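S.K.: Here are the chains, one letter per residue:
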Amino acid sequence: MKTNIGKIVGINGNMITVAFEDAIAQNEVGYAVAGDEKLMCEVVRIRGTLADMQVFEDTTGLRAGSDVEFSGDMLSVDLGPGLLTQIYDGLQNPLPRLAEMCGFFLKRGTYLPALLDDLKWEFTPKVKVGDTVTAGETLGTVPEGIFEHCIMVPFSCQGTYQVESIIKAGTYTIKETIATIKDESGNTRDVTMTQRWPVKVPIKCYTERLRPVDPLVTQVRIVDTFFPVARGGTFCVPGPFGAGKTVLQQITSRYANADIVIIAACGERAGEVVETLREFPELEDPRTGKSLMDRTVIICNTSSMPVAAREASVYTGITIAEYYRQMGLNVLLLADSTSRWAQALRETSGRLEEIPGEEAFPAYLESVIASFYERGGLVRLKNDKEGSVTIGGTVSPAGGNFDEPVTQGTLKVVGAFHGLSRERSDARRYPAIDPLESWTKYTSVVPREQVEAARSLLSEGTEIGQMMKVVGEEGTSIEDFVLYLKSEYLDSVYLQQDAFHDVDAATPADRQIHVFSTISQILFTDMDFGDQAEARRFFHQITQTSKDWNRTEMGSDDFTKTEKKLLDMISEVTKDA
Amino acid sequence: MHKVYHRIDNIAGNVVSIKADDVQYKELAEVVSRNGSSLAQVIKINGDDVALQVFAGARGVATDAQVRFLGKTMKVPFSDALLGRVFTGGRDPRDNGPALTENMIDIGGPSVNPAKRIIPRNMVRTGIPMIDVFNTLVESQKLPIFARAGEPYNQLLARIALQAEVDIIILCGMGLKHDDYLYFRDTLEESGALSRTVMFVHTASDPIVECILAPDVALAVAEQFALQDKRVLVLMTDMTNFADAMKEIAITMEQIPSNRGYPGDLYSQLASRYEKAVDFDTAGSITILAATTMPGDDVTHPVPDNTGYITEGQFYLRNGRIEPFGSLSRLKQQVNGDTREDHRTIMNTMIQLYANFKETLEKQSMGFRMSKWDSKLLKYGERFEKEMMDLTVNIPLEEALDLGWQILADCFEPMETGIHSKLIEDFWPNYAEQAKRS
Chain E
1 MKTNIGKIVG
11 INGNMITVAF
21 EDAIAQNEVG
31 YAVAGDEKLM
41 CEVVRIRGTL
51 ADMQVFEDTT
61 GLRAGSDVEF
71 SGDMLSVDLG
81 PGLLTQIYDG
91 LQNPLPRLAE
101 MCGFFLKRGT
111 YLPALLDDLK
121 WEFTPKVKVG
131 DTVTAGETLG
141 TVPEGIFEHC
151 IMVPFSCQGT
161 YQVESIIKAG
171 TYTIKETIAT
181 IKDESGNTRD
191 VTMTQRWPVK
201 VPIKCYTERL
211 RPVDPLVTQV
221 RIVDTFFPVA
231 RGGTFCVPGP
241 FGAGKTVLQQ
251 ITSRYANADI
261 VIIAACGERA
271 GEVVETLREF
281 PELEDPRTGK
291 SLMDRTVIIC
301 NTSSMPVAAR
311 EASVYTGITI
321 AEYYRQMGLN
331 VLLLADSTSR
341 WAQALRETSG
351 RLEEIPGEEA
361 FPAYLESVIA
371 SFYERGGLVR
381 LKNDKEGSVT
391 IGGTVSPAGG
401 NFDEPVTQGT
411 LKVVGAFHGL
421 SRERSDARRY
431 PAIDPLESWT
441 KYTSVVPREQ
451 VEAARSLLSE
461 GTEIGQMMKV
471 VGEEGTSIED
481 FVLYLKSEYL
491 DSVYLQQDAF
501 HDVDAATPAD
511 RQIHVFSTIS
521 QILFTDMDFG
531 DQAEARRFFH
541 QITQTSKDWN
551 RTEMGSDDFT
561 KTEKKLLDMI
571 SEVTKDA
Chain Z
578 MHKVYHRIDN
588 IAGNVVSIKA
598 DDVQYKELAE
608 VVSRNGSSLA
618 QVIKINGDDV
628 ALQVFAGARG
638 VATDAQVRFL
648 GKTMKVPFSD
658 ALLGRVFTGG
668 RDPRDNGPAL
678 TENMIDIGGP
688 SVNPAKRIIP
698 RNMVRTGIPM
708 IDVFNTLVES
718 QKLPIFARAG
728 EPYNQLLARI
738 ALQAEVDIII
748 LCGMGLKHDD
758 YLYFRDTLEE
768 SGALSRTVMF
778 VHTASDPIVE
788 CILAPDVALA
798 VAEQFALQDK
808 RVLVLMTDMT
818 NFADAMKEIA
828 ITMEQIPSNR
838 GYPGDLYSQL
848 ASRYEKAVDF
858 DTAGSITILA
868 ATTMPGDDVT
878 HPVPDNTGYI
888 TEGQFYLRNG
898 RIEPFGSLSR
908 LKQQVNGDTR
918 EDHRTIMNTM
928 IQLYANFKET
938 LEKQSMGFRM
948 SKWDSKLLKY
958 GERFEKEMMD
968 LTVNIPLEEA
978 LDLGWQILAD
988 CFEPMETGIH
998 SKLIEDFWPN
1008 YAEQAKRS
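Chains as they are written, first to last, in this note's numbering: chain E, 1 to 577; chain Z, 578 to 1015.
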């Protein structure tokens, strides 16, 4: 077949206009030729015989009249064993191998295979000749780190197939045919360990979608207790800069109770990704004892890397997440930040001279965001196992104002909202999730009544605090004042958490249940104080003791001792019945 | 041999367009007309219509001007001969020295492969407690100084430049007042730092296009020094002028504005400059400090807002002091764990108490009775502002930490600070004696 070739007729920033003759498809990938470099680009609009294409690279040096080679495929990723532990850019180029080849700087037009061809995998067949299979069903497995990686019938197969041949157990590379399958009309198809899948199309090889119920424990107290996230759910973390979005995501990526974590660093600082990719190999996954990197894939398209690839990066991330979900695993995708992705859409839309919507974002922004978050979910697979993709996206609203299109478009489609506030971060109350503004639709790890009671105490305490600013402490009754101190106490010893302390950084679910019930008990004890100064002094004391308690290992002597000390202190001020 | 074109079709703002073929995107051209000559760069190609941005501005360009394409993109000379020199944003000498033409390097090159970066690990000591103790500056950090026009941000930049231990200082002026340029030059000269400094200065009266070129030129040079294993500090002032120059050009190019007239790619444009800050695996580093004036003292203005999302923290300069609220060094956690064990605790405790002081101040101004606790806070706040926040204070980190403990001990009981018991025992001045007495 001869290659379909077009000619560049216009260049404006990263957008090129290409005249073509043979048929091309929307979202088809092409390569613009600049000297000996070939720059990847994607069709975003077709008008008559002209196609507008966004180039995933810097366009310096392209000429009008140069060739564009169309590939015939949509933007796709390679799926197969070896994805875990990798660090990719938005187009699934492995960055460490790129560094070996090109040195310190990224070199445009250099594309490397995502998976290593020469690596051998220990294959164990799970079907026999004559078996009937459909897309997404397992043909065999290979061990990949701590997981059994399923080699599945390609997702693009439609209808039922019969296994014609299956290779015997042994070590093979990803390029070798491991099975041949035949469809109903007798066409055969060779299956290798890898398959390609277009990133913008959801993988739908499951029997049904289920409602997410079980909590995904992140070990962040304010999240799990007050604003939990479910396995297969979606959540968003909007906040002004400096409020701690990224630290919160880093903590989540470390401690969350998921099998696989995919970090899509989309248009954010390179330094933050570097922290993750240098530290994760050193850190131990508390659940498996192996390196955290073994369960992680990093997609990294930082702010100074080409804008068009930024959009691709979130799709690359979600596609890899869906692939592992198909094996019955629980995957957590963290996208930081979806606002940068929206801005990439805005830049593209502006170059296409589309009619702008609110704040010059394109009119289709909300539907694009919605269909992205809808790719998360809990599903029942064809083999009756369950798999899930949980999506957490940060949003960076302009000016920290949540009334902007990206935040609003996101809030409509997520199940939990962790709004970060500037006031809390200025007061160093981390994590700066606003306990009054945030909400969730999922179930907490602690009993619901306790949470409800604590939340209403928080809001009453805040009201009293506001009131005190007007009427002063002397104008506040001792009962109200104690209530205010209690809410401050809850805030400083439970909602706030020291992300940089070994023990305090992560609180497992059982500890949360235990500690929260003790604290609830304290909160709803009637206390007797002579005056406000005495009350304040007492709360200073129990705050300090409780903070010490948070810093002791659960189950240790210190833990029990401190708890007892705390309860003793409380009983001293308890009002006699 | 390059073809010469004689017929300019359109002139709008600083952009001229001609009909030409076989032109590269971003290629340079020379525009010669009877009123002088200037370089220009291809910024748009549509069929055989080519739009060129004229660096010196299109003023005086005649429709019969000669346009000659040079077949190359923008480059800057790089060698040690740059040190001690001053150039314009368009990289022509601003001092009376010779023009340099050797070893030309590309500007606006590709970004660094994240896999080749390393986690920043070296503190940059400045002798300013508000930075060293509370928001430690780290090598390879990119940090803006947010300030209203009129705040002494240039003085602060100059002071950090002189006190920080770096090998090379690069000053990038954008829309700089001529007086400020002379201030930088004289200050650096007096302290003997000029010989390790390169300046690229675009002053407010220079052509606007050069304002956009200045950071690219400066950072390209910084990158080369860093690759030679040098620790480079880049001072940029003022990034708001840079953004305004982009706005001006985008609007004349009839681009759809996104927010308050700024182009939709403001974030990406700023990011591609700031992200040049780097700590190379096996080579030097680039640290960027950039002044960003906030029009109307409004941090939600698009320029400071987008900047805040890109940079690794920010310093707020208000009333000549670095404001503790809002000011943040994101990288401080990388280094302040290894300085002294009480560093982080002092940092957090003092700020929390200062926040309480601010609340008390509010109560006081509304005429409420001051409780005993309030009086303690008032005493503390006053000392904190005087002995820590004042920018004239110049003491090393360790002394500043000791001072912090002293202030706390003079104002509070140990447990009122909320510091956990172990540190109190080790660091609270005269704690043992106090414990005996009570």
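Just so you know, these hints were derived from the structure itself, not from any lab.
Small disclaimer: the values here were computed from a predicted structure and weren't measured.
One or more hints might be untrue.
Taking lysine-lysine and the BS3-like style, the derived pairs with C-alpha atoms no more than 25 Å apart in a straight line are [claimed, not checked]:
1) Z:953 x E:547
2) Z:935 x E:7
3) E:469 x Z:580
4) Z:953 x E:469
5) E:128 x E:175
6) E:38 x Z:807
7) E:7 x Z:603
8) E:38 x Z:649
S.K.: Could you run down the list of hints and mark each one as holding or not?
M.R.: Now for the hints, and whether the structure bears them out:
1. This hinted pair checks out: residue 953 (chain Z) and residue 547 (chain E) have alpha carbons roughly 23 Å apart, not beyond 25 Å.
2. Between the alpha carbons of residue 935 (chain Z) and residue 7 (chain E) the distance comes to roughly 65 Å, so the proposed pair goes past 25 Å and is violated.
3. At roughly 75 Å between alpha-carbon atoms, residue 469 (chain E) and residue 580 (chain Z) are farther apart than 25 Å, so this suggested pair is violated.
4. With a C-alpha separation of about 18 Å, the suggested pairing of residue 953 (chain Z) with residue 469 (chain E) holds against the 25 Å cut-off.
5. About 21 Å separates the Cα atoms of residue 128 (chain E) and residue 175 (chain E), which keeps this hinted pair within 25 Å; it holds.
6. The straight-line distance between the Cα atoms of residue 38 (chain E) and residue 807 (chain Z) is roughly 34 Å, outside the 25 Å bound, and the hint therefore fails.
7. Between the alpha carbons of residue 7 (chain E) and residue 603 (chain Z) the distance comes to roughly 19 Å, so the proposed pair stays at or under 25 Å and holds.
8. For the proposed pair residue 38 (chain E) and residue 649 (chain Z), the alpha carbon gap of about 19 Å is at most 25 Å, so the pair holds.
Of the numbered hints listed earlier, those contradicted by the structure are 2, 3, 6.
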